[in-house]
Every structure is written in C-alpha cells, then in structure tokens.
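Go by the hints and put chain B onto chain A.
There are 2 protein chains.
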Amino acid sequence: MADASSPPTDQLAAATLNNEVPKAQFSDRVPIRSIISRPDGGSGLAGLKARVGGWVKTGRKADKDAFAFLEINDGSCAANLQVIVEASLGELSQLVPTGTCIVVDGHLKLPPAGTKQKIELRADMVIHVGPVDPAKYPLPKMRLTLEFLRDFVHLRSRTNTISAVARIRNALAFATHTFFNKEGFLYVHTPIVTTSDCEGAGEMFQVTTLLSEAERLEKELLQNPPPTEADVEAAKFVVVEKGEVVSQLKAAKASKSEIAAAVDQLKISKESLAKVEERSKLKPGIPKKDDGKVDYGKDFFARQAFLTVSGQLQVESYVCALSSVYTFGPTFRAENSHTSRHLAEFWMVEPEIAFAELKDDMNCAEAYVKFMCQWLLDNCLEDMEFMADKFDKGCIDRLKLVASTPFIRVTYTEAVEILEEAVKNGKKFENEVKWGIDLASEHERFLTEVKFQKPVIVYNYPKDIKAFYMRLNDDLKTVAAMDVLVPKVGELIGGSQREERYEVIQSRIKEMGLPLEPYEWYLDLRRYGTVKHAGFGLGFERMILFATGLENIRDVIPFPRYPGRADL
Amino acid sequence: MADASSPPTDQLAAATLNNEVPKAQFSDRVPIRSIISRPDGGSGLAGLKARVGGWVKTGRKADKDAFAFLEINDGSCAANLQVIVEASLGELSQLVPTGTCIVVDGHLKLPPAGTKQKIELRADMVIHVGPVDPAKYPLPKMRLTLEFLRDFVHLRSRTNTISAVARIRNALAFATHTFFNKEGFLYVHTPIVTTSDCEGAGEMFQVTTLLSEAERLEKELLQNPPPTEADVEAAKFVVVEKGEVVSQLKAAKASKSEIAAAVDQLKISKESLAKVEERSKLKPGIPKKDDGKVDYGKDFFARQAFLTVSGQLQVESYVCALSSVYTFGPTFRAENSHTSRHLAEFWMVEPEIAFAELKDDMNCAEAYVKFMCQWLLDNCLEDMEFMADKFDKGCIDRLKLVASTPFIRVTYTEAVEILEEAVKNGKKFENEVKWGIDLASEHERFLTEVKFQKPVIVYNYPKDIKAFYMRLNDDLKTVAAMDVLVPKVGELIGGSQREERYEVIQSRIKEMGLPLEPYEWYLDLRRYGTVKHAGFGLGFERMILFATGLENIRDVIPFPRYPGRADL
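Sequence order for the protein chains is A and B.
Just so we're aligned: the first sequence equals residues 167 to 734 in our numbering.
Just so we're aligned: the second sequence equals residues 167 to 734 in our numbering.
The hints are simulated quantities; they were obtained by calculation from the structure and are not laboratory data.
Be aware that a few hints might be false.
Heads up, the list lumps identical chains together, so a pair's fine if it works in one copy or across two of them.
Each computed PhoX-like pair below joins lysine-lysine, with the alpha-carbon atoms no more than 20 angstroms apart [claimed, not checked]:
| no. | residue 1 | residue 2 |
| --- | --- | --- |
| 1 | K620 | K559 |
| 2 | K654 | K617 |
| 3 | K556 | K307 |
| 4 | K459 | K385 |
| 5 | K227 | K408 |
| 6 | K408 | K441 |
| 7 | K408 | K433 |
| 8 | K559 | K416 |
None of the values given here were measured: they were computed from a predicted structure.
Just chain A, same shape as in the assembly (with noise of 0.2 angstroms):
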C-alpha cells in the first residue's frame, strides 16, 4: 500500500521550516506570482530558497560566458523572474534560447541597485531542461504580429499578450460565475446538441452520424461486397431444396432423428437467405427515404439535429420554475463570415430571471457588466496595465469609466432622434437613418462613444425588427427589447422582457409566419403557471475584445474557428 505523498498542509509547514517559499499545492515548484506579486515586489523573500520553473523569455550570457541571465516567465502573472545560472551548473548555451524551459533550485536576492526587478533567483542547481532548438522554433524573440501568431495556436499563449488575454479571460469567466452566484442564480448547463430551431436552420451546423456510417458502410461493402440478385436467388434455391428434402423424408416416414435433421438444415438455409435478402438491399451513400430526401429517422438521434445558437429558449423552461438562472457555455453560427467580429464557435452567457420585467433586465445587465469592469481592475490590473501599454492606451480609464457611472438609458424613439438631429448637423452615415430602422453599428458608436462618452441601453425597439419571443408593449408597435451599447465595441448585450401572454406570443409566431409545432413546448411554458420573465445574453468574446481594446476576436479565444480554420 504505497502512499506516495504527504499531504499539501503539511508540505506548507515543512517548507516554512527550511527557510523556503511555500511551493503551489499541487507541483513542487513556486509560482512566479507568489514571489514577484507581492506588494513589495518580492524583496522581503530574499534569503529564502526556491524552486521555480518556467520558460525562458530572453536569456544572455555574461562575465566571458562565466553566467547566464534568463528572464523567466510560467504563466502565473504578466512579469519575468530573473534567474542567474553559473557555468558550472550546466551547459548555459542550451539554456538561454527564447522557449526553453528550465526549473531550477536557488535562493532569492536581492538585485544590485539601480534595476527594476526587486528580486532575483541565484540558481544553485539546475533540475531540469526543456531545450528549444533556436533554428527551428517558430516563435523566436522578435515581436510577432497577431496574425502569425493564429498559424500558430498550440504556441501563441507563450507570448505575452495570448497569455495576458488568457488570464483575463480566465478572471472573467470567473467573475460571471461570482456575480451570478451572489445574486442567487443558478448555472444551468443547457444543452449544445439541440433539436429546437430557434433562428433558422440557415445559420446552424448539423450534428450527424450519417456520413461517417456511409462511409464505413462503403469501405465494409468494397472489402465484402453485397449479395447479387443471383445470390439471393442461389439462396433461394437451397430453401426450396432443403424443403423438399424434409417433404420426401416425412412421405417416406424417415426416423424421426433423421426428419430433425433435415429440418435443422431448413431452418439455417431460411436464416442464411433473410441474411443475403437483407444484405442484397444494402446501399452505399446517405440513406435517403423514398421521396428522395435524406432519411434523419437513421441518424444517432432519429431526427436532424445542429448545434445550439442560442440557450435562452430551454433555459426559460428552467427560470419557470427556478426563479434566476444563467447559462455560459459556447455557441455556433455557421455564417460564412470573414469580418474581426464574428467567430464559428463562440461563448455566450445568458442570464434569465422569473418575477422580472425589462427594468430589471436593464439593471441586472448594468450591474453585471461593472462588475466585471470592477473585477479586471481588482485583480488583473497587471494584465491590464499591458494592454494599454501596448494595444489601447485608453482601455483602463474605459474599466474606470464603466465601472462607475450610471448607463445612460433611452428608449429607441429617442435614439432615433437624437441620430436624425446629428444627421440634421452634417454628421454622415452610410446607412440612412429613420424610425423602424435596425440601428447599424455605426449608430451604435455613435451613440456611445460620441454623443453620451459612456455605455448606453436602447429600449423599446419595433417590433418588426425583433424576436417573435420579445414581449409585446401596450402601443402594439414596439417590444420590450434592450441593448447595451459600450464604447469600443458598440452592442454588448441584447436582451428582452419575454412575452408571457400565451395568446399574444401564438400570434407572434403565426405573424411571423413560424409554424407552431416546434413550438409546443416552449408555448406550454405559457399555458401552464405563466410568469413574467426577462433575460440577455452577452458575447463574452465581445467583452473582451471591450476590456482588452484587441481589434480581432480570433486572438481573445483560445482555438478560433472560422469559415476554412479550425486548428487542433
């Protein structure tokens, strides 16, 4: 019974004891983090030992060869630990090339005055070395452009900024769980593989089986051929014989043994022909039914299915009975487009609340959003304080901004106007402006970013232009509809009351010229225990690309995909 390790706790006391910084629970090393992230930037550890690993991020010989300086960075934060390694504890070319890894035992100290770090590791042995051939490696030290970068995603988050945008991401993530938690929602897996068409099977990717089991079904067919018409009636003729057999046996009163066995015999030659019958009617190919369309009854779940677009229609069967719910989870648009803000496969978290109408959307939306901007400035301002350094100069204040002051909140009559007054002004839009219009992106902007300088709601939207699932206002004309317009990226989050009134949303779907029976069971929602309910969903990409000021959402998610690319 071998138990091959101690206990983490008793790790973190052993490692006090010997004058050590405290390693990560679960690996043998100190994260980076632990020693520079302190307030004092690491000086008051010096005199302790250490064992760090990490990947080299420029590494020099000096003194005629006699040491190494290696900047050194795991992951664990934005900044580099320097690590001074000795000739004699290793072979120091091998250990200076931009990638290599190396973990290393040494104690901190503090650097000769004068340089920027505030502490430094003196390596006193070298553990282990991952080597890089400089040659051959693909991302050497230069600065490399985001594009070449995406040829290269199994490699891209050893850089700074797709490791930067990786642990922003990742505080996000984790802040949409924190927020939603708090406020007593509860996460909802809903599902990705779905049945529902909520937007028109156009833009959705199907899930099959079909192509992969013709496939096989045609390499079983080439290595064993199916049965001709001749075979099958070989097959045939050996029933008959066989039948005939057991005829002439009971006509000549046989034994009985010797009838049993003639019968046997019968019997395999009819299960050898249904095997040929059935086999003969194989066909390579889509299994199609006999009006020639596609037979889904043989796909894995008897009927066409796609991946989801959108979890806010299942999710709304568990806000009717949960109260406050929220997905986060990916989401596909199998749109053929090449632009910077559109991706195949992306993640989106849609928030849903029961006893709610749109001012609570609108607040519930608000609030989310500053906590996040609030979030990134707590706990990532490293990361952040990289961005703007060197992507978007302004995008901190932008945190700041949001963070802080109340979203301007307009109904979409009055953003029209105040757009038709700025047009009246000699401002120029390409796409032309008037009541019943979708507000372009170039509206959006506008509005956030020139005329009110913060985020912006737009409410009320017509209804010709929204969902069928919006709820209906009493002037019949428009729906209960919200954007969150932010700077930087125009629409954030869309959102709307819901329509609960089972009769109302029957006629929206008729109206909409939608056919109900896909409906039911969304309907049925409204028909049995009805409740007022709202909700939004909000490109977490997007808020991203708003946080970090990148101009191109294939760089703020790990594996981009996109109409010809779907690295790994």
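Just chain B, lined up with the frame of chain A:
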C-alpha cells in the same frame, strides 16, 4: 431621457424603511430562500411585509372556501412557503391547482403552534396569477417516476427532485471554479468543434454544413433547373453570332460607335455563356471528389470536423505556457449505448498541471473531490437531505466520509493481487482477473465499496490498455496513469502524468499504429521547451450521481442526449 429605475441599493434602503423584507436585486419579489433558509426558519421576520412569487405545489380551500392554503415554491430553495389567501382577494379555484404561478403581496406571520413551518404569509393582494388547467397539466400532484418525467424535460424542473438536482449541480459547478481559482488554475475554453481526432472518429459526431447546403441546392435547382446541354450550345451560338457581327462591322469599316456597341453585345453574350456553363456544372447532392469520396474541402471548415471527445490535448498547449489550467465544458460520444451511465453529450472537468508528476496529480484529484463534497455539506444540505430521504439514505454519510478520509492509493499490480485474493476466497466476478486486464466496473466497485469502503486511487496501469500520451514508467511495462474510484459509481476520475519526452512519445504513437502527422502540433509541445505535466478528467454527471445517489445519468443533466433522443 427616461431612467426607468432607481439603483438597487436605494431599493434595499427603501425596503427596510418600509418594514419590508429586502427584495431580490433584479426583481420586485423576495426569494423564498431569504425568508425560510434563515437559522430561525423565518420566524424573526414575522410582522414584515413581503412580495413573494412562486408555483403552487399543493393548494386547498378551507373554512368553507373562505381561504386557500397554498404551498408555493420558487426554486430558490427546497422548502415551500405557505401562503394564505382570503376569498375576497380573488377566485380561489384558480389558485389551488398544482403548477399555478402566483405573485402576492402580504405580511409574514407566525403560524399556529404545532405546525411544521416557522413562518407563513398572509396575502393582502394577489398581483399575478398564471393559471393551470388541471385536466391538461402533464405533471399532476401525484408522485411521478423519473422515467416518466424524461418525456417532459421542459417541465420537469418544477418537480422537487429535478429542482434539487439543479441546485446541487449548480453548487458543484461553482465549487469547481472556486477550487481551481483558489489554487491558481486558469480556466481555458478548449474548442467544441475540433479537427484533432483524439480517440478514433468512429465514436465522434461530425459537424457539417454539407447536408444543409445540398438540400438548399436541390431546392434551388428544382425551382430553377440547371441549363441543359442544348442551353449551353445555344449560349455558345449567340457568342459566335455576336463575334461575327463585330468582324463584319470591322470589315465594313463601320463607325467606332457602331463597333463599340457590337463589342459590348459580344461581351454580354460571353458573360452569359460563362454563367450558363457554371450553372450547368451544378450537381445535386453532397459534393464528391473524383475518387467518389466526399469533398470535405467544400465543407464549412474546409476539412472534416467533429465534436470534441476531450479538451485534454488542446489544453496541454496552454499548460505548456501557463503552468496550471483547467477546462470545464461539454464533450461528446457518438456511442450507441443505452445504459444508465452513458450520455452522448456530457460535461467534463479537465485540469492540467505543469511542473508536476503523478503524485501531484493524485493530490490534486483528491483535494478537488474532497472540496466538492465539503462544499455540498456546507452549501446544499437541505437538498442533500431531500435526496437522502427520497433516494439514497447513505448519500450524506458518503459525502462526509469522502470529505474527511485520506484516499487509499494502490498500484494496479496491488489492486489485481487484491482481486485475485478475493477470487481465491470465493468472490465471483463476471470478468476474469489477471494482470493486464482493464479493470471492469465490478472490480472497481469491489475495491472501493467492499475491500476499502472508501475512495481508492489505482495507479501505474499496464501500458497496453492505456493511451499513447501517458508517461512510460521506468519498468517499461506500466504508465503513470491513475483512476479515482468512489463508492456508488466506481470510476470518477481518470488521469495521468503525460509523456514529456519527445523520442518516447513519438515511438509510442508509432507503436500504437497511429499516424504521426495529426499529432505534429502535439509533438511540438515536446520539441520546444518540454515540461513534466499531468492532468485528469472528471465526468461531471458521474460526480452528481455520486453525490445524489440517483441511478440514471439522464436525470442529472438538464437536457439529456442519447441515441434516438435530443428533446428541445
């Protein structure tokens, strides 16, 4: 400029001033949890006003129809609140059916001595009724089987069991994020759509737009048939004719403008020919290559794409830069399996730790499982008590045991010896026990339920039954893999130290008969700055089965997907 609401903090202050129970942040009502889940059961709130909303669990009229007594539940906690409504406030017959949604304003009062609940609400006004026709409502008050409820996934969250499961599932998800965040792990969203085939395409769902594109084209060609050969010939003839006109005009030295007009005509006829020729090539059906195989170059991602079976390989690219990461997302298996333990879509938690070995991996797995168990005891006891009462008497004791007892750790070889010993002593297994077998569920459950009666980690498995990426031990016979076995479900976690040595992993891939090319990116992680790392996967639904004691995995995920079924 309409600002539809005052900020929530003002609402709270106002509520207290008005002698009201504070409302939910984004709703006008008080969650029942805020009343009932206090240490005093709510009795301290007697005398305060409150607006509550919920769905009637049981309702009855009393005192010659002078009152209705309604037990209502809003999903915020397991307990119901009793609401008493006087006949003067509304049509009582409409309020009492199970499933009815009501919102009432009222005041809290102490119930008569001797009743179970500590507080009840006397209604002053009925604000909203969402009625139910009991003759049609699919979920009557009587106890329904979980199997029956699977046909009503859109309504089943209204039952005590499924809503308790939803709260337990939510708690475990939040515990997961809390644990890994606390330990410095970054949450990484690995892709759902993948072109890396990790465990064999046979069990993967394909993601495609080819079928819907083919259907779209077929429809289009029906409405607008493709040109025939005769149409193409006719178009060619027009081009020849127009060309001749130009030649004739030139020969006849016609005016420049006349010639130019004829050239324009020729150009138009050529364009028209090009279009006709292109359309004549359109073929209905799935696009095929010359060899008859499906032309996936025409698919959305320009190659075959699948739903992920695990985020491990992809997240390894992040651990080799960020040190401690985890994924938590949906994964898929197209297995035609109808058991109570398999789903086609399920959620997995997959942490990955750099600078770590198998013992660190086991420490992490043990700490994580213990953390979740303690979390449920601390945060979900009421729901756990419900599960203990209705389904599995031992479930709370099991959580306590796992939260407090060190997990047993045995090598695979020791485990096989224990099983062989048991066989010698008369224990019967369906599957033969000998070194080299993959442990069957019956073996795993014997170890954890009978032999040790606590969680067991089995490690160092024979290499031939494990994946290529698991680190080869020095004995060259076993790999550094581990499984965590727990009472009730058997295997809860599977993990391993990953093979970080380039030559070893390359030869392991070849040894297993796999092609190297698709793994080149994965090999890059070993080529450039390789690092020791380890990780594991926890089936999230398995954990919920373990916690709740439920028997069927289809009852612990909101929208179960399995062969033939993907409702909603």
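Okay, the hints, checked on the actual structure:
no. : hint          : result
1   : K620 <-> K559 : within (17 angstroms within a copy, 56 angstroms between copies)
2   : K654 <-> K617 : within (14 angstroms within a copy, 62 angstroms between copies)
3   : K556 <-> K307 : within (16 angstroms within a copy, 62 angstroms between copies)
4   : K459 <-> K385 : between (23 angstroms within a copy, 11 angstroms between copies)
5   : K227 <-> K408 : neither (91 angstroms within a copy, 77 angstroms between copies)
6   : K408 <-> K441 : within (17 angstroms within a copy, 64 angstroms between copies)
7   : K408 <-> K433 : within (9 angstroms within a copy, 75 angstroms between copies)
8   : K559 <-> K416 : neither (100 angstroms within a copy, 66 angstroms between copies)
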